[in-house]
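Chemist: Sequence:
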Amino acid sequence: MSAFVPEAPVPKHMISVLGVMACATAIGISSGGVLLHCGVCLRTLSLLASALQLNLLLVAWGISQSFVWLTYFGAVINGASFGILYIAAITQLQHEFHGNPGVVTGVGMFSSSLGSIVLAFVYSVCQEQLTWLQSLCACGICMFLANTVASLSLTTALEDDVQDEEGVPLLTDQRPDNSVKLEIWEILRDPNLYYFLLSFSGAIGPGYGTAVGFQQMCVDVFNLGSTESNKYFLLVTSLGLVGRLGAGLGGDILKAGKGVFSNGALNVTGLLLVLQSIAILLMQYFPTNFYTFVMCSCITYFVFAGAAVTGALLARSLFGIANGSLVFGFAGLAVGSGDLLSSWLIEQHAGEVISGDPSLLSSYGEFIYVSIFWTLVGFVALIFTGKSKKAFPQLTCQETNNVKKYVVNMEEKDDLI
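Using my numbering, you'd call the opening residue of the sequence shown number 5 and step up by one each time.
Don't take each hint at face value.
Using C-beta positions, here's what the derived DEER-type ranges look like [said to hold, decoys possible]:
1) F290 / A150: 40 to 48 Å
2) W65 / F125: 21 to 29 Å
3) L134 / F377: 36 to 44 Å
4) N227 / L52: 41 to 49 Å
5) P195 / V129: 32 to 40 Å
Capping the alpha-carbon separation at 20 Å, the derived lysine to any residue pairs in SDA-like fashion look like this [stated by the list, open to error]:
6) K391 / L275
7) K235 / N293
8) K391 / L201
Calculated directly from the structure, the hints in this document are not laboratory data.
Glycine is no exception: its CB is placed at the ideal position from the N, C-alpha and C atoms.
All chains, full assembly: derive it from the sequences and hints.
Modeler: In structure tokens:
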């Protein structure tokens, strides 16, 4: 988001525009998950979302002409396109590479974060020659072209048929539970969905607050200029790259063969929440120390980036490969609503805080207390998620067939005897 913090003054409502765009991204993730679950062509959906990214031009035009409604409209459409592309790419990766879902998901989300940093760099280079509005338009066109080319490489349809080791399609009642496509209403009735959403929101909420409000808190509480705050935010977002890869690798590595620690994604999410708790406590006890604030912001953003990966893995392990995109799409709504609330709270106090004031009446104080609340909610929900039998590994298709063949062979031997 640092890509959209210009050197020149911009309208105060730009903070809420970023929040609305992020909320629309979450809605795009959710709607994309539903559409893919219903069988919509993956490539067509991605190409449509790529075309919608040109709506960033509407955002720029709306700001330049002081058309607030047009700015918000463009932000909603553009944000939704980001979400659709995001869920489409993750779905494609998880269907192509079944063996190491953690690494694949981590690398995919690492690429999305790296793309954001590259976009920020392109924007800063454009700003040296163009106005910030012209730079915003240039970024919109670049995103459209890059994502259109990438969308052409996606498959036209996802393979839903689950086959045995001889390549014979299995009937629905022969498949393991983790490969059966469920109806949407069946998923919505499952309490594990809501435990998952709360644990996911608890791990990702404070980091999203950091993404929305870091620069504003730097200016309000610590008297930094926009250039300095952007440089520090680049450091914070760089830690997100490490979080993506680390959580992906951890999801595949940090798991036991059986027992309560057999789900790697669940284990990593718990570790991320512990790390986040430490950061928030440090921020609470040293509220006026700028370097403590930066360090803790790095940690919360690291947790935010890693929790996105473990969230996708948890959705897959709780509800199966065939339903992972849909469930992770629901998680997008939880994130979007929290992000919209964070941006609204920060906007209420933008530029109105006495320097160094960590009280509850400042954006910084609200950020701390809301982060404490979400972290506690995340821990409680994670405990309930861990008690579910769905949270633990199930047999693969080949393992299921091997068991069935073993049972059949034993029955035949009994008949011969």
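Chemist: Now tell me if each hint is right for this structure.
Modeler: Outcome of the hint check:
1. Look at F290 against A150: about 42 Å separates their beta carbons, and that is inside 40 to 48 Å.
2. Checked against the given bound of 21 to 29 Å, the beta carbons of W65 and F125, roughly 24 Å apart, stay inside it.
3. Checked against the given bound of 36 to 44 Å, the beta carbons of L134 and F377, roughly 42 Å apart, stay inside it.
4. Between N227 and L52 the beta carbon distance is about 45 Å. The supplied range of 41 to 49 Å therefore holds.
5. Checked against the hint of 32 to 40 Å, the C-beta distance between P195 and V129 comes to roughly 50 Å, which is inconsistent with it.
6. The suggested pairing of K391 with L275 holds, with an alpha-carbon distance near 17 Å, which does not exceed 20 Å.
7. Restraint check for K235 and N293: satisfied, since their Cα atoms lie roughly 18 Å apart, inside the 20 Å limit.
8. This hinted pair checks out: K391 and L201 have alpha carbons roughly 15 Å apart, not beyond 20 Å.
Going through the hint list in order, the structure does not satisfy hint 5, though it satisfies all others.
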